[in-house]
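**Student:** Those sequence lines, one after another, are chains A and B. Anchor point for the first sequence: position 168 equals 168 in the working numbering, and the numbering is continuous, going up by one each time. Anchor point for the second sequence: position 99 equals 1099 in the working numbering, and the numbering is continuous, going up by one each time.
Be a bit skeptical, because a hint or two may be false.
Stated by the list, open to error - Derived lysine to any residue pairs resembling SDA-like cross-links, with alpha carbons at most 25 Å apart: (1) K1050/B <-> P71/A; (2) K1054/B <-> M53/A; (3) K1054/B <-> G76/A; (4) K170/A <-> E1003/B; (5) K170/A <-> K1128/B; (6) K1016/B <-> D178/A; (7) K1016/B <-> T134/A; (8) K1110/B <-> N10/A; (9) K1054/B <-> T150/A; (10) K1016/B <-> P71/A; (11) K1050/B <-> V145/A; (12) K1005/B <-> E104/A; (13) K1016/B <-> M53/A; (14) K1050/B <-> D93/A; (15) K1110/B <-> M171/A; (16) K91/A <-> E1003/B; (17) K170/A <-> P1092/B; (18) K1054/B <-> T41/A; (19) K1016/B <-> K170/A; (20) K170/A <-> I1093/B; (21) K1016/B <-> T41/A; (22) K1005/B <-> N10/A; (23) K1054/B <-> R52/A; (24) K1054/B <-> N10/A.
What the hints assert, rightly or not - A few chain A residues that don't get close to chain B, going by computed Cβ distances all over 10 Å: (25) D23; (26) F25; (27) D32; (28) T41; (29) I42; (30) Q56; (31) G61; (32) R89; (33) L94; (34) D113; (35) K122; (36) P126; (37) P142; (38) T150; (39) A179.
Because the hints were derived from the structure by calculation, they are not lab data. Note that CB positions come from ideal geometry on N, CA and C, so glycine has one too.
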Amino acid sequence: MAYGKAKGSNPLRELNVLVADEDAFMARILGDILRALGVHTISVADSFADARMLLQRMEVGLLITDWVYSPDRPGGWSLIDEVRQSKGRPKPDLPIILCTAYTELPRIIEGRDKGVTEIIAKPIAPVQVLHKITSAIYRQRPFIVSGGFTGPDRRRHRHDWASLERRSGKMLEQSEIDAVMAPQRGSAQVS
Amino acid sequence: MSEEKWLAEHGGALVKMAEQALESRLTEYEGTLPALVSDIKAALASGDRKIAFKQAYALSSRAGTLGWPHISLTAKWLRQALEDDNAAAAGPIPTILAQCLELMLLKGYKGNHPEAQKLVDEACVMLKLKGYALA
């Protein structure tokens, strides 16, 4: 991806972001934050159908989404599944940031295993938005398509799973979410 | 200069601008909370758990973004009480929590208001007595 055509300019200017959230309030807030961070092209969808249409029609460089589900497909088919299982447009390796208030450990693991690139806990903090965009776009992990998993490499730092397990069912803090999501240093390149 | 380096260097100023943008929006959005509580109450009264759940989720995240932790937490408990696994045992709890939320907003218990804390504590006791594991 080519960013910052003019040397020394904000690379986020070149980014085309789709925000998908069924709560229009949250989508607008995210839009405001992105605009202030310098993103010029922001599209907003408040339903699965709108988001899917925009993803198919536009060249989106980053999807920021809450858990947005298809009303037509049973079994919790989300926008994340729609992207990761896509055979054409959108590209399945599109960076996805899940922005959610469901921060219980099983939901975070579900997001990771569905192939999200990063997770932001609501309420949204602008600093987290910038950190996660930077990580999702400029520190991309190898993209894996294998054995029922499609998404960025899930290999992790060693961390205290026991303490996280004890918190199963409880809401996780952003730092704990990051521990679940953080890639292992020096992971091998996988094509 | 790499993109990442540029953002590391200028990110602080960008975040400050984003925080200002967020701040200026928040006052506008405060006014949307009572309508959400009304929607929840109406949905509960008509037995539409799905709408009540959706609006409780929205209320929880909006209140959190506004920096109103007690309303956010109470709305989250309401959302949890409406989840499929808990619905049968919830009884009157969702309605009580919705009334609790309405009271907090009517009284203008913003931010860390001590009266809101009292209401949350009472709701917490009630939920614990019902056997809820509170997050």
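**Student:** Taking the hints in turn, state whether each one holds.
**Tutor:** These are the hints, each one checked on the structure:
1. K1050/B <-> P71/A: holds (13 Å)
2. K1054/B <-> M53/A: holds (23 Å)
3. K1054/B <-> G76/A: holds (15 Å)
4. K170/A <-> E1003/B: violated (36 Å)
5. K170/A <-> K1128/B: holds (15 Å)
6. K1016/B <-> D178/A: Roughly 23 Å between the alpha carbons, so the hint for K1016/B and D178/A holds.
7. K1016/B <-> T134/A: At roughly 16 Å apart (the allowed maximum being 25 Å), T134/A and K1016/B satisfy the hint.
8. K1110/B <-> N10/A: violated (37 Å)
9. K1054/B <-> T150/A: violated (29 Å)
10. K1016/B <-> P71/A: violated (38 Å)
11. K1050/B <-> V145/A: violated (35 Å)
12. K1005/B <-> E104/A: It is violated: about 33 Å lies between the C-alpha atoms, which goes past 25 Å.
13. K1016/B <-> M53/A: violated (34 Å)
14. K1050/B <-> D93/A: violated (32 Å)
15. K1110/B <-> M171/A: Cα-Cα ~22 Å, so holds.
16. K91/A <-> E1003/B: holds (23 Å)
17. K170/A <-> P1092/B: holds (23 Å)
18. K1054/B <-> T41/A: Roughly 29 Å between the alpha carbons, so the hint for K1054/B and T41/A is violated.
19. K1016/B <-> K170/A: Between K1016/B and K170/A the Cα gap is close to 31 Å, so the pair fails against 25 Å, i.e. violated.
20. K170/A <-> I1093/B: holds (20 Å)
21. K1016/B <-> T41/A: Given that 25 Å is the threshold and the Cα spacing comes to 20 Å, the pair holds.
22. K1005/B <-> N10/A: holds (11 Å)
23. K1054/B <-> R52/A: Within the cut-off at roughly 21 Å; holds.
24. K1054/B <-> N10/A: Judged against 25 Å, a Cα distance of about 37 Å means the pair is violated.
25. D23: violated (4 Å)
26. F25: The claim is violated: F25/A sits with its nearest Cβ about 6 Å from chain B, within 10 Å.
27. D32: violated (5 Å)
28. T41: holds (16 Å)
29. I42: holds (13 Å)
30. Q56: At roughly 26 Å from the nearest Cβ of chain B, Q56/A sits farther out than 10 Å, so the non-interface label holds.
31. G61: holds (12 Å)
32. R89: holds (25 Å)
33. L94: holds (18 Å)
34. D113: The claim holds: D113/A sits with its nearest Cβ about 21 Å from chain B, beyond 10 Å.
35. K122: The claim is violated: K122/A sits with its nearest Cβ about 4 Å from chain B, within 10 Å.
36. P126: violated (3 Å)
37. P142: At roughly 18 Å from the nearest Cβ of chain B, P142/A sits farther out than 10 Å, so the non-interface label holds.
38. T150: Given that every Cβ of chain B is farther than 10 Å from that of T150/A, nearest at about 25 Å, it holds.
39. A179: holds (18 Å)
The structure fails to meet hints 4, 8, 9, 10, 11, 12, 13, 14, 18, 19, 24, 25, 26, 27, 35 and 36 from the earlier list, while all remaining hints are met.
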